[in-house]
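Engineer: As a plain string of letters, each chain reads:
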Amino acid sequence: MIRKIKYLFFWVTLINITLLLSSCENIQDRAMELGNNGKVGKMQIADFLRVVSDKTSADDPTFFTNNKLDTAKAAAFIYSICKDAGVKINKDDIYAGAARSRGSVAKPSFNVYIEDSESMDAYVKGNTRFKDAIYSLLGNVITADTLTQGINLYYINNQITFSRQKADANTLLQFIQNLDPATFRTNGGNRSSSDMRHLLQQVLDSTDDRHVNLLVSDFVFSPGKGQNAIASLQQQSTGIKIAFGQKIEKFDLAIEVVQLHSNFSGKYFDENDKPIVLSADRPYYMWLIGSKEQINSIRKNGVLNNIKGGVDNTLVFYKQTSPLLHGHKITFSHKTGDFELPDGASGNINVAKPNDVYNSFGFDFLVDYSKDIEDLSFFDDTNNYSHDGNYKLTISRLKDSTDPASSGFTHCLHLSTNNLQQQELHVFTQSKIPKWVVVSNSLDDRNIKNEPSQMGRTFGLQYLIEGLYDAFYVSHHQDKLTEVEISIKK
Amino acid sequence: MFDWLYSIGKTFRLITSNMLNHLKGYDIHCSGYYGTPYATYLGITFIAITLVGLALQYFIIDIPPKRPTGTWWLIALIIALINFIAAYCVIGSSTAPGHHCKDLSITTLDVIGVCFFNVVCGLFLAMVITGLPWLRRLSTNNVFTTFFKNN
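Those protein sequence lines, which keep their order, are chains A and B.
The opening residue of the first sequence carries number 1181 in the numbering used here; numbering runs sequentially from there.
The opening residue of the second sequence carries number 463 in the numbering used here; numbering runs sequentially from there.
Hints may contain errors.
Claimed, not checked - Pair ranges (Cβ atoms, derived):
(1) B:Pro527 with A:Lys1670: 56 to 66 angstroms
(2) B:Phe586 with A:Asn1530: 26 to 36 angstroms
(3) B:Arg475 with A:Gly1221: 41 to 51 angstroms
(4) A:Gly1221 with B:Gly560: 23 to 33 angstroms
Stated by the list, open to error - Think about it this way: if two alpha-carbon atoms lie no more than 30 angstroms apart in a straight line, the pair counts; the simulated DSS-like pairs of lysine-lysine are:
(5) A:Lys1263 with B:Lys564
(6) A:Lys1235 with B:Lys564
(7) A:Lys1311 with A:Lys1480
Source of the hints: derived by calculation from the structure; they are not laboratory data.
Every residue, glycine too, gets a C-beta built ideally from N, C-alpha and C.
Produce the complete structure using the sequences and hints provided.
Structural biologist: The structure is reproduced here in structure tokens:
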């Protein structure tokens, strides 16, 4: 009898151990197992999702979207795990859910407005980089046929003085060849003054879902003969704020301002409208005005950034009702002190402890800013961030690499503190008027010929940009563009 | 399943924070605990080895008659050795570069720490199990073979 009990005890132990081992299925191994089959069909994905559902919580952003298992995310996970493990499988061979039907969005027309006031003559006299840039831009737009449904060309001052609809390649070439002071003069209109507010108002009025507009000008405010410009700068700023503010109320407006420079040969009109003959390099600007979606699409396409000769600076403003929440991935590298990540790298920090010696605490986390409308360089600058005061922030851009741990992220942010508290950490990016605007601004251009530093500046630029900024970001909290939220518990 | 046990190892500084995350199954992408749950494997390993070892001593072999009390230490030593080797086999290769999350800095010393912790756990389990008189009494020749002094 006792001998039977002994054997029973032995075999029960073995069976239990076998059962325990068989229950140790994990997501990573299951993903690789599926990948090894060469094709992951609907049934296999459903099976994988069952494993995921058992092993993860519903707030795990790696697999869940709005607390629901996301087949596309699961498929992406399988693909990336297989790729890193050297398991060869095509992305298309993994079932990623039923294709979502996307309503066809009408492509907008691309309207190009070139200001043809007298001060612009010097940019189009002879062969200039201004002309090259315009032609290069138009070439970029016409070849990116998925972006827009045609280019319309306009000259504008106090009114539209010339227009050409649906320009083809030949029309563009002809347009560039005719781009000279004589054509400007022939087209007429009021060329003796540049009222920026009025100019922008005309362009804004024609901006809608079907039209994205580009205004090219030197953006030097010039009220005309006998009038001092400096006294009217604040009025121009306020006028622009009102014009854009009214448009923003009824339209999801975004604007990109691009600064370029060109050789300039001819008359420059100073703040007193006194003509000064210059031959130098001078800045000019392209203002791209459209809906947020249109501007983002054009920016991501690189139409403006790939202009021949390059661009000097860019800025973008858009209406944001609340900061766009971004996911994050906390890493264990470069940590100071210790912490746990109970919900994985996309979750929150638990059991945070500072370093024993220096009482310091810090950690890295990765964020993907590639889908945001701003250039990635915007996110490199700590001045564009705001965060909890007890933390210090440093940022590094992730270089393209084959490192699977950082793939899908653009920036690595490091937060550190000597005052570790239990708190909800918020890291915002904020829209600010960039430094280049201040550097490029001039408030006294009367001696431009003898002051080389004035040559690269634009009279009253800061007022124009401030007017824009005030229109888009009425109250302080509206200038917060993105947000990363991490809870820290001790 | 055994994450809590290895967290105790961290408290006693036998297991580092990075190693603990690796044992919990932090995946190769460093994105969460989706990888191999080594803590579970290691836990099952030491339990299995210890139980099978004790079963062999107390019930299967169970000869010669009237074993001295010191036999416990001999068997415990053998189980400890097997536990160490088995733990090293389970965890050793997984700590090679490219086989775990690169953010987790894991050294050979960390691996030895885990193996040693498994040895300690195995010994503790053996102490507890052989301390249960009703279980020992099922044996014919090892009724008095225990870590604890018994009368």
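Engineer: Confirm or reject each hint.
Structural biologist: Going through the hints against the structure:
Taking 56 to 66 angstroms as the suggested C-beta distance range, the pair Pro527 (chain B) and Lys1670 (chain A) conforms, at roughly 59 angstroms. With their beta carbons about 28 angstroms apart, Phe586 (chain B) and Asn1530 (chain A) fall inside the hinted range of 26 to 36 angstroms. Range check, Arg475 (chain B) to Gly1221 (chain A): about 48 angstroms between beta-carbon atoms, so the 41 to 51 angstroms window is met. Range check, Gly1221 (chain A) to Gly560 (chain B): Cβ separation about 30 angstroms, and the 23 to 33 angstroms hint holds.
In summary, the hint linking Lys1263 (chain A) to Lys564 (chain B) is supported, as the alpha carbons are separated by about 16 angstroms, within the 30 angstroms threshold. With a C-alpha separation of about 23 angstroms, the suggested pairing of Lys1235 (chain A) with Lys564 (chain B) holds against the 30 angstroms cut-off. Annotation: proposed proximity of Lys1311 (chain A) to Lys1480 (chain A) holds, straight-line Cα distance about 24 angstroms (limit 30 angstroms).
Consistency with the previously given hints is maintained throughout, with no hint failing.
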